[in-house]
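Chemist: Could you build the full structure based on these sequences and the hints that come with them?
Taken in order, these protein sequences are the chains called A and C. Heads up: take any position in the first sequence, counting from 1, add 47, and you land on my numbering. Heads up: take any position in the second sequence, counting from 1, add 375, and you land on my numbering.
Everything labelled a hint here was simulated from the structure, so no lab data went into it. Don't take each hint at face value.
As the list claims (entries may be wrong) - With a straight-line cut-off of 30 Å between C-alpha atoms, the simulated DSS-like cross-links for lysine-lysine are:
| # | chain 1 | residue 1 | chain 2 | residue 2 |
| --- | --- | --- | --- | --- |
| 1 | A | K579 | C | K482 |
| 2 | A | K71 | C | K771 |
| 3 | A | K586 | C | K482 |
| 4 | C | K771 | A | K132 |
| 5 | A | K425 | C | K421 |
| 6 | C | K488 | A | K425 |
| 7 | A | K71 | C | K776 |
These numbers come from a predicted model, not from an experiment.
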Amino acid sequence: MQLTLWTYEGPPHIGAMRLATSMKDVHYVLHAPQGDTYADLLFTMIERLPRRPPVTYTTFQARDLGGDTAQLFIDAVNEANERFKPNALLVGASCTAELIQDDPGGLALGLKLETPVIPLELPAYQKKENWGCAESFYHLVRNLLKRQQANGIAPKEHKTAGPRCNLLGPTALGFRHRDDVIEISRLLGDLGVEVNVIAPLNATVSDIERLPLADFNVVLYPETAHTAATWLEREYKQPFTKTIPIGHRGTLEFIREVLTLADLPVNENLISSLAERSHAAWYAASVDSTYLTNKRVFIFGDASHVIAAARVASQEMGFQVVGLGTYSREFARDVRAAAELYQVQALITDDYLEVEERIEELHPELILGTQMERHIAKRHGIPCTVISAPMHVQDFPARYAPQMGFEGANVLFDTWVHPLMMGLEEHLLGMFREDFEFNDNQAPSHLGGAKKTQSVHTPEESELEEVSSTQVLSTLSPPPQAHPAKGNDQSVEQSSSSISLSGEQKMQDLVQIWSQDAQNELKKIPFFVRGKAKRNTEKFAKETGVIHITVETLYDAKAHFSR
Amino acid sequence: MNTVIPIEVAQKISSVTPSASLNIRQERGQREVFCGLTGIIWLHRKIQDAFFLVVGSRTCAHLVQSAAGVMIFAEPRFGTAIIDDRDLAGLADANEELDRVVNQLLKRRKDIKTLFLVGSCPSEVIKLDLSRAAQRLNAQFNPAVKVLNYSGSGIETTFTQGEDACLASLVESLPLQPQDSTTDLKKLLIVGTLADVVEDQMQRIFKDMGLNQVEFFPPRNSKNLPVIDHNTVFLLAQPFLADTAKRLEDRGAQRLPAPFPLGVQGTRAWFTAAGEAFGVSESVREQALRAPQQRAQIAISKHRSLLEGKTIFFFPDSQLEIPLARFLSNELGMNLSEVGVPYIHRQHLAQELELLPPNTLIMEGQHVEQQIDRCQSMNPDLVVCGLGLANPLEAKGLTTKWSIELVFTPIQGFDQAGDLAELFSRPLVRKQKIAA
Numbered sequence: 048m049q050l051t052l053w054t055y056e057g058p059p060h061i062g063a064m065r066l067a068t069s070m071k072d073v074h075y076v077l078h079a080p081q082g083d084t085y086a087d088l089l090f091t092m093i094e095r096l097p098r099r100p101p102v103t104y105t106t107f108q109a110r111d112l113g114g115d116t117a118q119l120f121i122d123a124v125n126e127a128n129e130r131f132k133p134n135a136l137l138v139g140a141s142c143t144a145e146l147i148q149d150d151p152g153g154l155a156l157g158l159k160l161e162t163p164v165i166p167l168e169l170p171a172y173q174k175k176e177n178w179g180c181a182e183s184f185y186h187l188v189r190n191l192l193k194r195q196q197a198n199g200i201a202p203k204e205h206k207t208a209g210p211r212c213n214l215l216g217p218t219a220l221g222f223r224h225r226d227d228v229i230e231i232s233r234l235l236g237d238l239g240v241e242v243n244v245i246a247p248l249n250a251t252v253s254d255i256e257r258l259p260l261a262d263f264n265v266v267l268y269p270e271t272a273h274t275a276a277t278w279l280e281r282e283y284k285q286p287f288t289k290t291i292p293i294g295h296r297g298t299l300e301f302i303r304e305v306l307t308l309a310d311l312p313v314n315e316n317l318i319s320s321l322a323e324r325s326h327a328a329w330y331a332a333s334v335d336s337t338y339l340t341n342k343r344v345f346i347f348g349d350a351s352h353v354i355a356a357a358r359v360a361s362q363e364m365g366f367q368v369v370g371l372g373t374y375s376r377e378f379a380r381d382v383r384a385a386a387e388l389y390q391v392q393a394l395i396t397d398d399y400l401e402v403e404e405r406i407e408e409l410h411p412e413l414i415l416g417t418q419m420e421r422h423i424a425k426r427h428g429i430p431c432t433v434i435s436a437p438m439h440v441q442d443f444p445a446r447y448a449p450q451m452g453f454e455g456a457n458v459l460f461d462t463w464v465h466p467l468m469m470g471l472e473e474h475l476l477g478m479f480r481e482d483f484e485f486n487d488n489q490a491p492s493h494l495g496g497a498k499k500t501q502s503v504h505t506p507e508e509s510e511l512e513e514v515s516s517t518q519v520l521s522t523l524s525p526p527p528q529a530h531p532a533k534g535n536d537q538s539v540e541q542s543s544s545s546i547s548l549s550g551e552q553k554m555q556d557l558v559q560i561w562s563q564d565a566q567n568e569l570k571k572i573p574f575f576v577r578g579k580a581k582r583n584t585e586k587f588a589k590e591t592g593v594i595h596i597t598v599e600t601l602y603d604a605k606a607h608f609s610r
Numbered sequence: 376m377n378t379v380i381p382i383e384v385a386q387k388i389s390s391v392t393p394s395a396s397l398n399i400r401q402e403r404g405q406r407e408v409f410c411g412l413t414g415i416i417w418l419h420r421k422i423q424d425a426f427f428l429v430v431g432s433r434t435c436a437h438l439v440q441s442a443a444g445v446m447i448f449a450e451p452r453f454g455t456a457i458i459d460d461r462d463l464a465g466l467a468d469a470n471e472e473l474d475r476v477v478n479q480l481l482k483r484r485k486d487i488k489t490l491f492l493v494g495s496c497p498s499e500v501i502k503l504d505l506s507r508a509a510q511r512l513n514a515q516f517n518p519a520v521k522v523l524n525y526s527g528s529g530i531e532t533t534f535t536q537g538e539d540a541c542l543a544s545l546v547e548s549l550p551l552q553p554q555d556s557t558t559d560l561k562k563l564l565i566v567g568t569l570a571d572v573v574e575d576q577m578q579r580i581f582k583d584m585g586l587n588q589v590e591f592f593p594p595r596n597s598k599n600l601p602v603i604d605h606n607t608v609f610l611l612a613q614p615f616l617a618d619t620a621k622r623l624e625d626r627g628a629q630r631l632p633a634p635f636p637l638g639v640q641g642t643r644a645w646f647t648a649a650g651e652a653f654g655v656s657e658s659v660r661e662q663a664l665r666a667p668q669q670r671a672q673i674a675i676s677k678h679r680s681l682l683e684g685k686t687i688f689f690f691p692d693s694q695l696e697i698p699l700a701r702f703l704s705n706e707l708g709m710n711l712s713e714v715g716v717p718y719i720h721r722q723h724l725a726q727e728l729e730l731l732p733p734n735t736l737i738m739e740g741q742h743v744e745q746q747i748d749r750c751q752s753m754n755p756d757l758v759v760c761g762l763g764l765a766n767p768l769e770a771k772g773l774t775t776k777w778s779i780e781l782v783f784t785p786i787q788g789f790d791q792a793g794d795l796a797e798l799f800s801r802p803l804v805r806k807q808k809i810a811a
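Modeler: Shown next as structure tokens:
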């Protein structure tokens with residue numbers, strides 16, 4: 048049993064729903080109790096799809112449990128098959144139906160329908176959404192193609208000269224999948240590679256049956272397509288791409304990989320003319336971006352977005368990756384390997400409280416994360432951009448905003464840099480700290496300059512802050528004047544509270560006293576690094592046995608830790 | 376734990392159907408409704424020192440966070456103890472695991488005074504006995520924390536029934552009072568979660584009627600739990616509180632039959648029922664009700680011109696459908712094409728059903744596909760439905776109002792009657808504006 052206050056991924060049957068909803072002529076009959084229909088709103092409200100997900104739920108109730116829930120399921124399959132006339136039927140159970148063991152797959156196959164039936168067994172008490180999606184996609188592909196093989200039908204060959212690939216992985220409720228597919232299809236076209244099938248997004252059953260016609264597969268999202276692509280490689284000798292075309296360099300590397308798989312010549316002129324679509328590389332090189340150098344960034348999300356984002360952050364933006372992690376346990380090994388490149392330890396967890404603790408520890412200047420990290424960032428006053436599912440209505444922008452390809456690189460540059468304070472503004476803030484417009488409550492002017500007052504926080508947040516500050520008072524017990532007016536110095540309070548949360552015991556023997564001068568000096572440090580400075584000073588003081596922290600200690604510590 | 380199955384209740388007491396002129400039908404099939412866990416979204420806000428721990432699956436956790444419509448902005452006062460395969464395989468004793476999780480939680484959250492263990496479909500199916508778990512944990516944590524349990528499972532509860540089950544468990548937890556024969560002073564209790572602002576308005580009107588000892592249940596803080604005995608007279612503020620009402624009656628409390636406080640007609644009848652029961656004279660009642668009633672009528676009239684003569688179709692959702700249909704028909708002149716409800720509690724809704732226009736089609740239960748077919752063929756001007764159906768119906772040219780907003784918005788009482796009407800006129804106004 049695991050205490051969960053918020054979850055990054057849904058149960059595995061939600062993954063199967065994403066597959067069914069992606070496709071045009073597949074229906075999913077789900078043995079599930081009343082209430083599990085909530086999942087429809089993920090698609091109709093969050094993604095704003097103008098149609099219902101093609102899912103029939105049995106919605107059994109307590110009175111049915113004494114009776115025949117199996118019959119209820121059979122009736123639901125027959126009715127759905129008749130009403131929606133799908134070209135393939137997915138059948139399975141949600142968590143509760145898994146416990147009553149009606150065997151939906153066996154029941155549906157027993158009906159001997161003409162429609163292909165694909166049984167899905169997705170262990171709800173072990174696995175999660177992305178795994179469920181990958182597994183369902185794999186079973187759909189395998190089932191339909193094995194059926195084709197058994198019937199001795201070969202898919203119709205088109206007479207085209209050029210190389211062909213499939214685009215695998217985009218789904219409903221995917222992070223920018225809609226736009227990534229457009230961007231990458233265009234790029235492949237420019238390279239002279241024909242896109243045979245895009246699946247599962249907007250695919251049909253007959254599209255799936257045409258998958259073997261491609262020379263290779265492009266796996267855009269390993270989380271959903273890796274299992275199917277691996278099987279296709281084994282069964283049809285179709286190799287698949289390993290590079291995720293995120294970022295300027297990622298896209299260039301992807302182009303080379305595609306050209307190799309497609310057995311096309313590497314035309315450098317073509318590549319550089321395509322790369323001209325990206326402004327991101329030049330913007331990052333322009334002197335205006337100097338201030339981005341070694342900005343401390345923390346990255347969290349699904350595995351492939353995190354790995355790619357870390358690379359972009361480090362190699363293209365010139366940031367320093369101070370921490371990264373993922374909730375995708377299936378890809379933990381890849382994320383750990385990526386973390387080693389930046390000499391950090393990967394955080395593999397689906398507990399957002401652990402993520403928050405890590406963020407508090409690391410004091411990043413920018414967070415690239417999910418909607419949950421966005422809220423963590425908001426609480427700590429750290430700029431943040433969302434780079435990964437789980438999905439929020441804001442992650443379906445009306446405009447074209449891919450993450451992949453050259454246009455994707457442009458989107459990354461804009462969306463990662465805009466939340467940060469601009470270079471000159473940052474200097475001015477540092478130099479003229481006593482200017483009434485330049486105090487800590489003032490947000491960057493390009494963000495509207497709105498005051499960071501309590502009113503922009505939700506009541507729950509301020510409630511949390513109250514708790515933090517009392518914790519600080521009780522654990523640190525510094526001289527009363529050491530605590531600046533509340534609201535002015537929240538970052539300091541929060542950073543201290545993080546210490547008290549992570550190591551209450553350690554704080555017990557740490558009785559350090561800040562002199563008034565040192566405190567005043569501390570206030571002159573920009574608020575977004577002040578917590579770090581305070582912590583470093585205290586750490587330095589502890590290590591050197593200093594109890595009274597003076598201005599001298601502060602600058603000694605600064606010299607000691609200077610990078 | 377709620378072992379009552381809604382539709383059976385309805386059938387058992389169908390003999391008390393008040394009006395033969397209503398056209399009540401039943402259907403069965405896929406039910407596109409939330410389960411009772413969803414109630415946690417407003418209950419955890421109402422009872423400010425309570426925590427709701429769902430004992431369930433990842434689906435339950437995902438449901439509660441998705442149904443909240445938004446992400447959780449801070450550490451919420453609800454969570455899920457997710458059952459995993461180790462608990463199912465018997466490798467880990469589920470009870471020990473639950474105790475461990477509760478200990479972990481209560482150590483983190485010292486502010487929690489009441490902990491609800493909320494049963495789910497999986498916990499019911501594996502027969503994890505949460506009432507015994509609550510007893511066990513109470514031995515450890517009471518009096519610092521009171522541990523209660525109820526079921527919000529979809530196999531036993533439909534959407535708002537979760538609140539019913541929660542409140543029923545809260546009634547059950549109240550200490551039994553010795554029969555106090557020294558006083559027969561009646562006191563009024565309002566039952567059902569209301570917005571704080573609505574409670575305050577109601578309290579003022581009760582004061583004007585001379586009723587100074589009115590309590591609300593659930594209270595905002597678990598320290599302020601009411602005493603329930605034979606002197607308790609209660610008015611339901613919500614139409615879905617069957618079990619809660621029964622537990623209150625078991626303790627000698629007396630329910631005042633009344634329509635629900637939605638719209639002028641319902642609110643007036645509701646206050647009147649209280650006034651009459653407490654011997655408030657007609658003139659005092661009139662004095663207390665006149666001004667707010669006039670305000671409400673003015674507020675409503677602005678929307679009447681937009682809604683009059685328009686047809687409305689309700690998909691089943693919150694159990695508020697019948698009182699809302701009555702309000703929209705009687706005060707705004709709308710035509711009811713179909714009123715879908717998850718189930719009908721004929722006793723609590725007797726007064727409401729009498730106020731509906733004759734031959735109103737009420738559909739109890741649901742077969743969502745057939746209902747969508749009917750809805751499309753009736754082509755109403757406005758459809759009230761859940762979040763899963765709204766955009767798909769909009770895409771088919773229908774105008775919709777999400778029903779969940781009616782549960783999350785203050786709509787009861789005189790001063791909200793105009794707001795309530797506005798919730799229905801807004802989608803129509805919007806459509807006009809965008810089309811123009």
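Chemist: Please go over all the hints and tell whether each is borne out by the structure.
Modeler: Each hint, compared with the structure:
1. Annotation: proposed proximity of K579/A to K482/C holds, straight-line Cα distance about 29 Å (limit 30 Å).
2. With a C-alpha separation of about 18 Å, the suggested pairing of K71/A with K771/C holds against the 30 Å cut-off.
3. Taking the CA atoms of K586/A and K482/C, the gap is about 28 Å. The hint holds against a cut of 30 Å.
4. For the hint linking K771/C to K132/A, the alpha-carbon distance of about 20 Å falls within 30 Å, and the restraint holds.
5. Note on K425/A and K421/C: the hinted pairing holds, with a Cα-Cα distance of about 25 Å set against a maximum of 30 Å.
6. The suggested pairing of K488/C with K425/A holds, with an alpha-carbon distance near 28 Å, which does not exceed 30 Å.
7. This hinted pair checks out: K71/A and K776/C have alpha carbons roughly 28 Å apart, not beyond 30 Å.
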